[in-house]
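S.K.: Work out the full structure: start from the sequences and follow the hints.
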Amino acid sequence: MGTLTEPMAGDAERRGHAFTQTAETPGQAADPPGPGLDSKPVIEARDVCLSYGAHQVLHSISLAIAERRIAAIIGPSGCGKSTLLRCFNRMNDLYPPVRYSGSVMFEGTDILRSGIDLVELRRRVGMVFQRANPFPMSIYQNVAYGLRLLGVRSKRELEEAVEGALKHAALWNEVKDRLNRPALGLSGGQQQRLCIARALAVNPEVLLLDEPASALDPTATAKIEELILEIRSSISIVIVTHNMQQAARISDRTAFLMLGKLVEEGPTRDIFTHPRERLTEDYITGRFG
Amino acid sequence: MKAARITADGLYRAALGGAAALVFVVVALIVFEAARGSGLSIRTFGLGFLTSTAWDPVSEKFGALPYIYGTVVSSALALLLAVPLGIGSAVYLAEIAPRRVGAIVSFVIELLAAIPSIVYGVWGFFVLAPWLRTAIEPWLIAHVGFVPLFRGYPFGIGMLNAAIVLSIMVVPTIVSISREVLLSTPRSLREAALALGATPAEAIGVALDAARPGILGAVILALGRALGETMAVTMVIGNTNRISASLLDPAATMASIIANEFTEATTPLYISSLIEIALVLFAITIVVNGAARVLVYWATGGRRSAAALA
Ligand SMILES: Nc1ncnc2c1ncn2[C@@H]1O[C@H](COP(=O)(O)OP(=O)(O)OP(=O)(O)O)[C@@H](O)[C@H]1O
Ligand SMILES: [Mg+2]
Numbered sequence: 001m002g003t004l005t006e007p008m009a010g011d012a013e014r015r016g017h018a019f020t021q022t023a024e025t026p027g028q029a030a031d032p033p034g035p036g037l038d039s040k041p042v043i044e045a046r047d048v049c050l051s052y053g054a055h056q057v058l059h060s061i062s063l064a065i066a067e068r069r070i071a072a073i074i075g076p077s078g079c080g081k082s083t084l085l086r087c088f089n090r091m092n093d094l095y096p097p098v099r100y101s102g103s104v105m106f107e108g109t110d111i112l113r114s115g116i117d118l119v120e121l122r123r124r125v126g127m128v129f130q131r132a133n134p135f136p137m138s139i140y141q142n143v144a145y146g147l148r149l150l151g152v153r154s155k156r157e158l159e160e161a162v163e164g165a166l167k168h169a170a171l172w173n174e175v176k177d178r179l180n181r182p183a184l185g186l187s188g189g190q191q192q193r194l195c196i197a198r199a200l201a202v203n204p205e206v207l208l209l210d211e212p213a214s215a216l217d218p219t220a221t222a223k224i225e226e227l228i229l230e231i232r233s234s235i236s237i238v239i240v241t242h243n244m245q246q247a248a249r250i251s252d253r254t255a256f257l258m259l260g261k262l263v264e265e266g267p268t269r270d271i272f273t274h275p276r277e278r279l280t281e282d283y284i285t286g287r288f289g
Numbered sequence: 001m002k003a004a005r006i007t008a009d010g011l012y013r014a015a016l017g018g019a020a021a022l023v024f025v026v027v028a029l030i031v032f033e034a035a036r037g038s039g040l041s042i043r044t045f046g047l048g049f050l051t052s053t054a055w056d057p058v059s060e061k062f063g064a065l066p067y068i069y070g071t072v073v074s075s076a077l078a079l080l081l082a083v084p085l086g087i088g089s090a091v092y093l094a095e096i097a098p099r100r101v102g103a104i105v106s107f108v109i110e111l112l113a114a115i116p117s118i119v120y121g122v123w124g125f126f127v128l129a130p131w132l133r134t135a136i137e138p139w140l141i142a143h144v145g146f147v148p149l150f151r152g153y154p155f156g157i158g159m160l161n162a163a164i165v166l167s168i169m170v171v172p173t174i175v176s177i178s179r180e181v182l183l184s185t186p187r188s189l190r191e192a193a194l195a196l197g198a199t200p201a202e203a204i205g206v207a208l209d210a211a212r213p214g215i216l217g218a219v220i221l222a223l224g225r226a227l228g229e230t231m232a233v234t235m236v237i238g239n240t241n242r243i244s245a246s247l248l249d250p251a252a253t254m255a256s257i258i259a260n261e262f263t264e265a266t267t268p269l270y271i272s273s274l275i276e277i278a279l280v281l282f283a284i285t286i287v288v289n290g291a292a293r294v295l296v297y298w299a300t301g302g303r304r305s306a307a308a309l310a
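Protein chains in written order, with the numbering used here: chain Y, 1 to 289; chain W, 1 to 310.
FYI, nobody ran anything at the bench for these hints, they're computed from the structure. Don't take every hint at face value.
What the hints assert, rightly or not - Listing some non-contacts, in silico: residues in chain W with all C-beta distances to chain Y over 10 Å:
no., residue
1, 55
2, 57
3, 58
4, 100
5, 117
6, 186
7, 189
8, 195
9, 197
10, 206
11, 246
12, 280
Claimed, not checked - Have a look at the derived ranges for each label pair, beta carbon to beta carbon:
no., chain 1, residue 1, chain 2, residue 2, range
13, Y, 49, W, 199, 25 to 31 Å
14, W, 112, Y, 217, 46 to 52 Å
15, W, 199, Y, 185, 24 to 30 Å
16, W, 201, Y, 233, 55 to 61 Å
17, W, 92, Y, 273, 33 to 39 Å
18, W, 61, Y, 185, 53 to 59 Å
19, Y, 217, W, 199, 34 to 40 Å
20, W, 61, Y, 180, 38 to 44 Å
21, W, 92, Y, 49, 51 to 57 Å
22, Y, 185, W, 14, 38 to 44 Å
23, Y, 180, W, 26, 44 to 50 Å
Computed from a predicted model, the values in this text were never measured in an experiment. Cβ atoms here follow ideal geometry from the backbone N, Cα and C, with glycine treated the same way.
M.R.: Below, the structure written as structure tokens:
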């Protein structure tokens, strides 16, 4: 608990300089620095390297995620998008043997450090997976689960929070009459929105979305995108996507990853209209990928 | 060529169908014979047979209550001991132990299920009974003897011994099925829980919750085995038709009374009464096993759709 809630004195100061460093990572030193974030960074990866055993997957990635904005991570399959995302809530720890170096600053704490409170971190940095994974319980129980973990027992409090989260996830109107029915009876798109509601219920500061719509049809995808734009005002979002149009439609900033290296990061419009890197241009114009 | 294939196919089907039908016929015959054999007893005692505690071959008064009681209590007690142990081991083997350890240990546990029950009986009689008599039961009487369950005299053999032996016999069933069910719950459930800030233990709780129907099926299969277990129980339960509140006292089960007295039964009514006990036992185990089938089917069906939708 303490490790995250009490930023150390020096950290806030260091954070102030951090972003300038981020924009000038070694690989990009020659390029003109990208335009700055228009809100303060909530997560900052600095020189993050990661290997699964002997296989190095991330190579010295430095990236800042702006508060209450939508950041998209794009790149070809297997380039390490999911792995990078999972650095932000340490879900990679579930796949030993995993080794990190570098740091990821979140609220003044390096969350890659050993000994940080993972339970607290994951409460504050929520995650939604590629395939909807509701618990085999009722719709209500699914959304209430995280709150129960936090020790919320009052029925009224739970009901209000569940309703709030379901409204946030644009699911309330579809399920309000069947909250006690099994979540697995919902359609794929509804299940995914339920997973978003479940993540939102515990009030995370950051929401990580790993290809949340890749298994869904266009209508369900549109609903998810709409809801992401809706919650943008209250929460910082990082979304991994295969779908370039999707990144272009919803994100404020886009990071392009290839072979575990960050090729380019900047405002989405710039990335898609005049990327600085040749690789980025080839990728977004579909010349490979 | 085509005709030949059709005939071969038809023969094959007929053979399989015949084999399946034969199983039904055998079961039906068993039920029929048991019902016919118990006819005399049913006519003589009616429903009173199920509620009477008399067992007097001399005056030909028979009642099954002590044995029904013994079967139900010994099995329930066995589950009380075996379920926490079995589910605990299954959770450890499926969720916590390294894969290899889990696989090896569960292989060994499954071997336990293959040990003939008389071996458990011998162990219960020669190892467990003296230990209960000299150590456990005196302690129970001295310290919790104020509870009627632990009042009496340390015989060593009796309801407690039978329940312990039974619990050891059914633990492998619970462990191996529960472990399988746990291993087949989607990993994504645990990830979802962890990503919400669950501790590893809480994430296992979610998996257990998802595995609950299957684990329930395992418990009911174990119950079925406990209800029908004969040899080991007969050796250690003491065999008396008295119903006693104390677990330390001897008792008898439906299976043990049949095993003990069938060769001694001389009069038609005596034999018929024993057959009626068999019929009651058969009915109880059929119901329990049917319930287990339904539960396991429901659990696997639910899991498949869960996996398909997730
Ligand atoms: N648990 C793991 N153990 C070992 N290697 C892994 C593990 N997870 C991922 N990798 C490897 O790390 C690399 C990056 O994987 P990652 O899942 O992050 O890619 P991705 O960009 O998300 O791909 P996709 O778009 O297909 O989801 C791949 O080469 C993959 O094989
Ligand atoms: Mg991925």
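S.K.: Hint numbers the structure violates, sorted upward?
M.R.: Violated hints (numbers, rising): 6, 7, 8, 9, 10, 16, 17, 20, 21; every other hint is consistent with the structure.
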